[in-house]
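Trainee: Listed below, chain by chain, are the residues.
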Amino acid sequence: MRYFIRGLFWITVYLGMALFPCLVLLSGNMPPGYGYLWDFSLALGYGAASMMAIMFFLTARFKRPALPFGVDVIYYFHKYIALLLFVIVAAHPAILLATEPVVREMLKPAQINRYMVAGVVSFLLLTLIVVSSLWRKQLNIPYDTWRLIHALLAIAAFILALIHIEGAGYYINTPAKRLIWPLIMVCWLLIQLYVRLIRPLRLLSTPYRVKEVIKEADEVYTLVVEPRHHEIPAYKPGQFAWLTMFYSPFSMKEHPFSFSSNPEQKDELRFTIKELGDFTKRIKDAVPDQTVYIDAPYGAFTIDRHPSERGYVFIAGGIGIAPLRSMLRALADRKDQRPHILFFAGKSLEKMAFYEELKALPDQLNLKVVFLPQHPPANWSGETGYLNREILARHLPTHLPELNYFICGPAPLMDMAEKELHAMGVPLQNLHSELFDFV
Amino acid sequence: MREMLAKTLAVLTAVMIIFLAAAFALIQNG
Numbered sequence: 052m053r054y055f056i057r058g059l060f061w062i063t064v065y066l067g068m069a070l071f072p073c074l075v076l077l078s079g080n081m082p083p084g085y086g087y088l089w090d091f092s093l094a095l096g097y098g099a100a101s102m103m104a105i106m107f108f109l110t111a112r113f114k115r116p117a118l119p120f121g122v123d124v125i126y127y128f129h130k131y132i133a134l135l136l137f138v139i140v141a142a143h144p145a146i147l148l149a150t151e152p153v154v155r156e157m158l159k160p161a162q163i164n165r166y167m168v169a170g171v172v173s174f175l176l177l178t179l180i181v182v183s184s185l186w187r188k189q190l191n192i193p194y195d196t197w198r199l200i201h202a203l204l205a206i207a208a209f210i211l212a213l214i215h216i217e218g219a220g221y222y223i224n225t226p227a228k229r230l231i232w233p234l235i236m237v238c239w240l241l242i243q244l245y246v247r248l249i250r251p252l253r254l255l256s257t258p259y260r261v262k263e264v265i266k267e268a269d270e271v272y273t274l275v276v277e278p279r280h281h282e283i284p285a286y287k288p289g290q291f292a293w294l295t296m297f298y299s300p301f302s303m304k305e306h307p308f309s310f311s312s313n314p315e316q317k318d319e320l321r322f323t324i325k326e327l328g329d330f331t332k333r334i335k336d337a338v339p340d341q342t343v344y345i346d347a348p349y350g351a352f353t354i355d356r357h358p359s360e361r362g363y364v365f366i367a368g369g370i371g372i373a374p375l376r377s378m379l380r381a382l383a384d385r386k387d388q389r390p391h392i393l394f395f396a397g398k399s400l401e402k403m404a405f406y407e408e409l410k411a412l413p414d415q416l417n418l419k420v421v422f423l424p425q426h427p428p429a430n431w432s433g434e435t436g437y438l439n440r441e442i443l444a445r446h447l448p449t450h451l452p453e454l455n456y457f458i459c460g461p462a463p464l465m466d467m468a469e470k471e472l473h474a475m476g477v478p479l480q481n482l483h484s485e486l487f488d489f490v
Numbered sequence: 010m011r012e013m014l015a016k017t018l019a020v021l022t023a024v025m026i027i028f029l030a031a032a033f034a035l036i037q038n039g
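Note that the protein sequences, when read in sequence, are chains A and B. Sequential numbering of the first sequence, starting at 52, is according to this note's numbering. Sequential numbering of the second sequence, starting at 10, is according to this note's numbering.
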C-alpha cells in the first residue's frame with residue numbers, strides 16, 4: 052500500500068509536469084483564437100515540448116520516483132511515451148500543413164525563417180531517435196554508440212524545439228507565459244548537470260576494484276568486485292546496478308546488471324553476466340585490481356518488498372537466475388524456514404550457471420529445486436524441455452494462490468509463466484517479474 | 010504485466026495531452 056500511494060503521488064507529479072505548460076496556456080488573458088485546428092495544433096506542439104523536457108527526467112534515474120515502479124517500468128514507459136510523443140509532434144505540422152496555406156508558404160525554401168528551420172530539424176532529429184531506437188539491432192549500432200547518439204540527438208531536438216516555440220511566439224504574450232519555457236529550460240539544465248556531472252563525480256569518488264572473475268557456465272561469468280576504502284551500498288536481494296568498466300563514469304558507457312550476490316555479505320558485490328554483446332563479451336577480460344564504477348541500487352524486483360508467509364516460488368530461465376540466486380542466498384543466510392521452490396530452465400546443464408551450488412542449496416534452505424535442461428545428459432531422470440503448466444502443477448503445492456512468484460528469464464518464459472500461473476488461480480499481485488531487456 | 014503498466018500510463022498521459030489541447034482550441038474559438 053505504501054508503494055501504491057507513492058506510485059500514485061509520482062504519477063500525479065509526472066502528469067502535472069507534462070500538463071503544466073498546457074494549463075498555463077489556458078490561464079490569464081488570451082488573445083482571440085486563430086481557428087480551431089490552428090490552436091489545436093499549437094497546443095499539441097506545446098504539450099509535446101513539455102513531454103520532451105520530462106523525458107530527460109524519466110531517464111535521469113532518480114531513485115525516489117522510480118522506487119514504487121522499478122526502473123524497468125520507467126524505461127518501458129519512456130519508450131512508449133516517446134512513440135506517442137512522436138505521433139503528437141508529427142500531428143502538429145501535419146494539421147497545419149493540411150489546413151493552413153500560410154504554413155505551406157512559410158516552409159518554402161525561399162521564405163523559411165530560422166525558427167521554422169529549428170522546428171523542422173527538431174522533428175527530423177526526433178525521427179532519427181525513433182528509428183535508431185526501434186531498429187538499433189537491425190542497424191547494427193553498438194549499444195554504447197547508440198546511447199551517446201540518443202542523448203545528443205535528444206538534447207539537440209529539445210533545444211531546437213524551444214527555439215521554434217520562442218521564435219513562433221504564439222500564446223506567450225504575458226510575462227507568466229513567457230516564463231514557462233525558460234523555466235523548463237533551467238530545470239532541464241539542472242537535470243543535465245546532475246546526470247552528466249554530479250553523478251559521475253560521485254561515482255568517481257566511490258570506486259570499486261575487481262577481485263576476481265569466475266566462470267560459472269558456458270559463456271557465463273561472475274564479476275566479483277570490492278569497494279576501495281568505502282562501504283558498499285545497502286541493497287535488496289534481486290535489485291540491480293549500473294556498471295561502468297573499462298571507461299570513466301563520464302563516458303556514459305554503463306550497463307545494468309542484477310546483483311547475484313548475497314546482500315548480507317557487506318564486503319563484496321557479485322554480478323553474473325552472460326556473453327550476449329560487445330560489452331558482456333569483455334567481462335572475462337577484466338583483471339584483478341581493475342577499477343569499476345557502480346551506481347546502485349535500483350529495481351523493485353525483490354522478495355523484501357513482498358512478504359510471503361508460506362514461501363516463495365522462483366522461476367528462472369538462463370541468465371535470469373542471477374537475481375534469483377541473490378534472493379536464495381539471502382534467504383539461506385537469514386536461516387529462513389519457509390518452504391520455497393525454484394524452477395530453473397536452461398539449454399543444458401553446462402550452460403546453467405550455479406548448477407552445482409543450487410543442487411546443494413537444499414542442505415541450507417527449505418528449498419525444492421526443479422532443473423529443466425532442454426538437452427539433458429544421458430542419465431538424467433528429472434524434468435526436461437520447456438516449462439509448462441503440467442510441470443508447474445506437478446511441483447506446486449495446492450495452496451499456490453497464496454505464494455509469491457518471482458520470474459526472470461527470456462520473454463517467452465516469463466509470458467508463459469505469468470499466463471499459466473494466473474490461469475491456475477494465482478492473483479496478479481503475487482506475480483513479480485523483471486524486464487531486463489529494457490535498454 | 011509490468012510492460013502493460015508502462016503502456017497504460019503512457020497512453021493515459023498522451024490522451025490527457027490531446028484532451029487538453031482540444032479543450033484549449035475549443036475555449037479559444039468558442
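Treat the hints with care, as some may be off.
[What the hints assert, rightly or not] Here are the simulated DSS-like cross-link-like pairs (lysine-lysine), alpha carbons at most 25 Å apart as the crow flies:
id: 1; chain 1: A; residue 1: 402; chain 2: A; residue 2: 419
id: 2; chain 1: A; residue 1: 386; chain 2: B; residue 2: 16
id: 3; chain 1: A; residue 1: 470; chain 2: B; residue 2: 16
id: 4; chain 1: A; residue 1: 332; chain 2: B; residue 2: 16
id: 5; chain 1: A; residue 1: 266; chain 2: A; residue 2: 159
id: 6; chain 1: A; residue 1: 386; chain 2: A; residue 2: 410
id: 7; chain 1: A; residue 1: 287; chain 2: A; residue 2: 410
id: 8; chain 1: A; residue 1: 188; chain 2: B; residue 2: 16
id: 9; chain 1: A; residue 1: 332; chain 2: A; residue 2: 266
id: 10; chain 1: A; residue 1: 304; chain 2: A; residue 2: 266
id: 11; chain 1: A; residue 1: 398; chain 2: A; residue 2: 419
id: 12; chain 1: A; residue 1: 130; chain 2: A; residue 2: 402
Derived from the structure by calculation, the hints contain no laboratory data. Being a predicted model, the structure only gives us computed values, none of them experimental.
Trainee: Compare the structure with each hint and give your call.
Mentor: Checked hints:
1. A:402 / A:419: holds (21 Å)
2. A:386 / B:16: violated (40 Å)
3. A:470 / B:16: Status holds; Cα separation ~18 Å.
4. A:332 / B:16: Given pair residue 332 of chain A, residue 16 of chain B is violated - Cα atoms ~32 Å apart, limit 25 Å.
5. A:266 / A:159: Violated, at about 62 Å.
6. A:386 / A:410: holds (18 Å)
7. A:287 / A:410: holds (24 Å)
8. A:188 / B:16: holds (22 Å)
9. A:332 / A:266: holds (13 Å)
10. A:304 / A:266: holds (24 Å)
11. A:398 / A:419: Holds, at about 20 Å.
12. A:130 / A:402: Not satisfied, since the Cα-Cα distance of roughly 32 Å exceeds 25 Å.
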